[in-house]
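S.K.: Go ahead and model the full structure; you've got the sequences and the hints to work with.
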Amino acid sequence: MAISSLSFASRPGFPLRPSLFHRIQKVRFSSVAAIETLDVQENVIKGNSRNLGDCKAPEWKKLSSKELGLSNSLISMPTKKVLNGLKKNGYEVYLVGGCVRDLILKRIPKDFDIITSAELKEVVRAFSRCEIVGKWFPICHVHVGDTIVEVSSFSTTGRKFKVDLRNDIICPNDCDEKDYVRWKNCLQRDFTINGLMFDPYKRIVYDYMGGLEDIKKAKVRTVIPAGISFQEDCGEPLSSIQLHHLLPVVCDSFLFAARILRAVRIAARLGFRFTRETAHFVKNLSHSLLRLDKPRIMMEMNYMLAYGSAEASLRILWKFGLLELLLPIQAAYFVRDGFKRRDKRSNMLLCLFSNLDKLLAPDRPCHSSLWVGILAFHKALADQPRDPIVVAAFCLAVHNGGDILGGVNMARKITKPHDISFHELTKPQDLDSEMLIDEVVDFAAFVKQVLNWMTDEYYVSLAMAEYPQAPYSDLVFFPLAVYLRVCRVFECSRDGPEKGFMPKQGRKIDYEMLGLGGLQEVRHAFARVVFDTVYPLN
Numbered sequence: 230m231a232i233s234s235l236s237f238a239s240r241p242g243f244p245l246r247p248s249l250f251h252r253i254q255k256v257r258f259s260s261v262a263a264i265e266t267l268d269v270q271e272n273v274i275k276g277n278s279r280n281l282g283d284c285k286a287p288e289w290k291k292l293s294s295k296e297l298g299l300s301n302s303l304i305s306m307p308t309k310k311v312l313n314g315l316k317k318n319g320y321e322v323y324l325v326g327g328c329v330r331d332l333i334l335k336r337i338p339k340d341f342d343i344i345t346s347a348e349l350k351e352v353v354r355a356f357s358r359c360e361i362v363g364k365w366f367p368i369c370h371v372h373v374g375d376t377i378v379e380v381s382s383f384s385t386t387g388r389k390f391k392v393d394l395r396n397d398i399i400c401p402n403d404c405d406e407k408d409y410v411r412w413k414n415c416l417q418r419d420f421t422i423n424g425l426m427f428d429p430y431k432r433i434v435y436d437y438m439g440g441l442e443d444i445k446k447a448k449v450r451t452v453i454p455a456g457i458s459f460q461e462d463c464g465e466p467l468s469s470i471q472l473h474h475l476l477p478v479v480c481d482s483f484l485f486a487a488r489i490l491r492a493v494r495i496a497a498r499l500g501f502r503f504t505r506e507t508a509h510f511v512k513n514l515s516h517s518l519l520r521l522d523k524p525r526i527m528m529e530m531n532y533m534l535a536y537g538s539a540e541a542s543l544r545i546l547w548k549f550g551l552l553e554l555l556l557p558i559q560a561a562y563f564v565r566d567g568f569k570r571r572d573k574r575s576n577m578l579l580c581l582f583s584n585l586d587k588l589l590a591p592d593r594p595c596h597s598s599l600w601v602g603i604l605a606f607h608k609a610l611a612d613q614p615r616d617p618i619v620v621a622a623f624c625l626a627v628h629n630g631g632d633i634l635g636g637v638n639m640a641r642k643i644t645k646p647h648d649i650s651f652h653e654l655t656k657p658q659d660l661d662s663e664m665l666i667d668e669v670v671d672f673a674a675f676v677k678q679v680l681n682w683m684t685d686e687y688y689v690s691l692a693m694a695e696y697p698q699a700p701y702s703d704l705v706f707f708p709l710a711v712y713l714r715v716c717r718v719f720e721c722s723r724d725g726p727e728k729g730f731m732p733k734q735g736r737k738i739d740y741e742m743l744g745l746g747g748l749q750e751v752r753h754a755f756a757r758v759v760f761d762t763v764y765p766l767n
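Sequential numbering from 230 applies to the sequence shown in this note's numbering.
For lysine-lysine, the following DSS-like pairs were computed, each having C-alpha atoms within a straight-line distance of at most 25 angstroms:
#	residue 1	residue 2
1	K291	K448
2	K350	K413
3	K310	K335
4	K446	K295
5	K645	K587
6	K339	K523
7	K548	K523
8	K512	K573
9	K407	K291
10	K656	K642
11	K335	K448
12	K728	K677
13	K413	K290
14	K413	K291
15	K737	K587
16	K339	K445
17	K569	K448
18	K448	K548
19	K587	K339
20	K407	K350
21	K431	K316
22	K413	K445
Using C-beta positions, here's what the derived DEER-type ranges look like:
#	residue 1	residue 2	range
23	Q613	L303	43 to 53 angstroms
24	C404	S384	10 to 20 angstroms
25	E288	N681	49 to 59 angstroms
26	L766	R520	36 to 46 angstroms
27	Q613	P524	27 to 37 angstroms
28	R593	P524	21 to 31 angstroms
29	Q658	K364	54 to 64 angstroms
30	G363	K431	27 to 37 angstroms
31	M664	L745	32 to 42 angstroms
32	T644	E296	52 to 62 angstroms
33	G725	W365	44 to 54 angstroms
34	L766	P708	28 to 38 angstroms
35	K569	Q613	18 to 28 angstroms
In short, the hints are calculated from the structure, not lab data.
The structure displayed is predicted, hence computed values, not measured ones.
We treat Cβ as the ideally placed atom computed from N, Cα and C, and that holds for glycine.
M.R.: If you want it as structure tokens, here you go:
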């Protein structure tokens, strides 16, 4: 029997590091005058202790994609090819998770995840360029041109629980076998707004977790109670009563720590707020982040800062006391700046990332070297404030491949007023060309010195030392390759531009090269972000 295909749209120094146990023991959560804490209502904790068997299950919804304004034309071409390939082989296929949420919100998904009734080995047989990856949660990577489409199977997405659930999972009333398989998979999702499935052939969106209601309310809510989802001590199995309506998460500290960072990332990107219960446990289990390995932290931080929601991410990290653990140097700046946890004001660091966000989007990210470079630049300027023309000349020199003399000559032509609200910028002085060159050389050297400090665990551990009851962190998660790339971005010389370097012409950004860390694009974007911050359009 012929199976209809999806229509193809034509749219285009190394100090000694204390032990892990020692580091975790040093995390403290008492409030001090210098570090404002977030008040949490007591009934959040009491509410979490209720009998989970009494929880009212969300109402199931099956809505047409047309009713939700969801069009198949928004699905990427590589994803359509994989969907069609599996469907033509007789398998059930769905889009699942954040991509469905983003499509409903009329946003461009960062990527598309597919789940299918096919076994992973059957997926491999269906495509010429496909391999199974992952040990604990295996999935398929299907290569379509230069794009990788991730495909998971209903048969392999079930978690390995520490308790036998075969007699505890109760099938909801009035559900057929396919409903049960979909429902069971959605129970294993992290947040309700990610627990949606979309059948692009039947054009139906399945909502078993109340995700559509939370999208409507702009809320980030865990699928199961946050006290379990973010659970710190997973030593004891849940009772059969607790399991009556709910599946527990894996008892793994890495899982709930990563989930906290995903919650921040989603809230920042969508402009959503945490439910009261989720907010409570995000804040009070924040110390679990120190148990994540560095590559995972770097990945999650890159998702936050490189995809167009950096300012919002930094605000949320600060609001819930996570910034002190992940970026202590920047947290110390917030404290010294008198920045409150719920502060609606801005500062230079937030303005820099706000201007970065204007250049980026989920489908147009930057390389991590750009946001790491911005952090280093701002730290240097906060520690040693400079004349605006020095900052302008430095940025222009970076843009032009390190040509300081050229940057100075261009900066002298600026007549635009600078933003006087930033204490990082001093009152303009009458500097002759030689003095200005010396200032730029000195500042360029200091930026690189700061970059060294940001990758020194001992220096990082001292960032919040003047606030005795602040959480301890000596976390450095930037990989060596990123450090070296940022160093090259900031190479400046009196002797002219880097040999063979051609400065970018015009304002159009090559996002493919920016995402890959192309030196020309990263330098161009850095200069634009800083210049637009120091000399705003308004």
